[in-house]
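Keeping their order, the protein sequence lines are chains A and B. The first sequence maps to residues 1 to 153 in the numbering used here. The second sequence maps to residues 1 to 136 in the numbering used here.
None of these hints come from the bench; they were simulated from the model. Among the clues, some could well be false.
[What the hints assert, rightly or not] Examples of chain A residues lying across from chain B (beta carbon under 8 Å, computed):
1. ILE13
2. THR27
3. PHE31
4. VAL32
5. GLY35
6. SER41
7. PHE48
8. LEU72
9. THR82
10. LEU95
11. PHE103
12. SER117
13. ILE121
14. PRO130
15. THR145
Positions of the beta carbon are idealized from the N, C-alpha and C atoms, including for glycine.
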Amino acid sequence: MDEWITRLFPHGISTYLVGGLLVGLGTSLIFVFTGIRAGASGVLTSAFSYVTSRSSFGLLKGERAWRTLLTLGLIAGAALYTLAIGEPFRTEIPLLNLAAGGFLVGMGTRAARGCTSGHGICGLSSLSGPSLVHVCTFMGIAMLTAYVVGRLT
Amino acid sequence: MKRGLAVLLGGIIFGAGLAHSGMTKPEVVLSFLTFEDMGLMLVMGGAIAVTLPTFRFLRKPLLAPAPEPFVAWLNPRTIVGSVLFGVGWGISGVCPGAAFASAGTGNTPILVALGGMFLGGLVQGVVMKPEAPLDS
Chain A
1 MDEWITRLFP
11 HGISTYLVGG
21 LLVGLGTSLI
31 FVFTGIRAGA
41 SGVLTSAFSY
51 VTSRSSFGLL
61 KGERAWRTLL
71 TLGLIAGAAL
81 YTLAIGEPFR
91 TEIPLLNLAA
101 GGFLVGMGTR
111 AARGCTSGHG
121 ICGLSSLSGP
131 SLVHVCTFMG
141 IAMLTAYVVG
151 RLT
Chain B
1 MKRGLAVLLG
11 GIIFGAGLAH
21 SGMTKPEVVL
31 SFLTFEDMGL
41 MLVMGGAIAV
51 TLPTFRFLRK
61 PLLAPAPEPF
71 VAWLNPRTIV
81 GSVLFGVGWG
91 ISGVCPGAAF
101 ASAGTGNTPI
111 LVALGGMFLG
121 GLVQGVVMKP
131 EAPLDS
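Based on the sequences and whatever the hints tell you, model everything.
Printed below as a string of structure tokens:
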């Protein structure tokens, strides 16, 4: 049993669980006060409504204030955590992967209308069938892609 | 105003949780995608374990008349979106929420991914047809 857990989670389970519970707590707090099921990718649409009146970005205009605040909160929360108990981090992932990956993530989550938090945490917590399909799709494709990229590099 | 404060505070807890879980490190996310460390499942599971009952049983938010309904669409456009997202996630180990939080941990290279994300959102909104149909 222990060996089995060590194989699946070589770095232990508590850090992941505690982090996940905090993520759930933050999402729940927003919902308890405002009734909003907050996902992170909507800001990639709503932020542009500040600078363009094009209709494809106006869709979330009514939500842009809270989406901006959520984004600022995510940054501030991680920064406060890092200052208090964490350690600053710098990724070794090549910049080309970050740029190309980020671009596809931006296009994809906008078209899918949700990401790991919107379809993943909020969608699955709302028992949404469409979100379940999206989560299985992007996770499966991501595993396949990571395998192929790992083979090529 | 109060609602905005609640979102900000919730976002701060959310971001701190992502930093604590290590999901702000694309390397850790990639180690999940390559089956070396299944920790991401625990993060998502832990979050859903708290959020699901909250969504299910709360009838009246404190600062709003009723919970907003959850809406997600399943059609060719949204599925193509999730496929593109999956390819991008697999290439970089980066997804939107974790990327914002990662910037907070001082991870300056992640700004390249965030720039790419906003550019991708912009291109998607300009080049592709405006919106997914609401009825499918």
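Fill in: When the least beta-carbon distance from SER41(A) to chain B is tested against 8 Å, hint result
holds (4 Å)
* **Per-residue hint verdict: PRO130(A), partner chain B, C-beta under 8 Å** => It holds, given that the least Cβ distance between PRO130(A) and chain B is near 4 Å, below 8 Å.
Note to self: So, as I understand it, the hint says PHE48(A) touches chain B; can you test that by seeing if any CB pair is closer than 8 Å?
What the structure shows: holds (6 Å)
Checklist line | Hint validity - GLY35(A) Cβ closer than 8 Å to any chain B Cβ | finding: This interface hint holds because 4 Å falls under the 8 Å limit.
Per-residue hint verdict: LEU72(A), partner chain B, C-beta under 8 Å
holds (7 Å)
* To do: May I ask you to test the interface hint for VAL32(A) with respect to chain B, counting a Cβ-Cβ separation under 8 Å as satisfied?
  => holds (6 Å)
Please check whether ILE13(A) passes as an interface residue: C-beta within 8 Å of a C-beta belonging to chain B. With a minimum Cβ separation of about 6 Å from chain B (threshold 8 Å), the hint on ILE13(A) holds.
message = Less than 8 Å between beta-carbons is the criterion; does SER117(A) satisfy it with respect to chain B?
response = holds (5 Å)
Hinted contact ILE121(A) with chain B - closest CB pair below 8 Å:
holds (5 Å)
Next item on the list: Let me know if the C-beta of PHE31(A) comes in closer than 8 Å to any C-beta of chain B, holds or violated.
Entry: holds (6 Å)
Min Cβ distance, PHE103(A) to chain B: is it shorter than 8 Å?
holds (4 Å)
Supplied contact hint for THR27(A), tested at 8 Å Cβ to chain B: The hint holds - THR27(A) has a Cβ within 8 Å of chain B, the shortest such distance being about 5 Å.
Every hint, counting from the list given before, is met by this structure.
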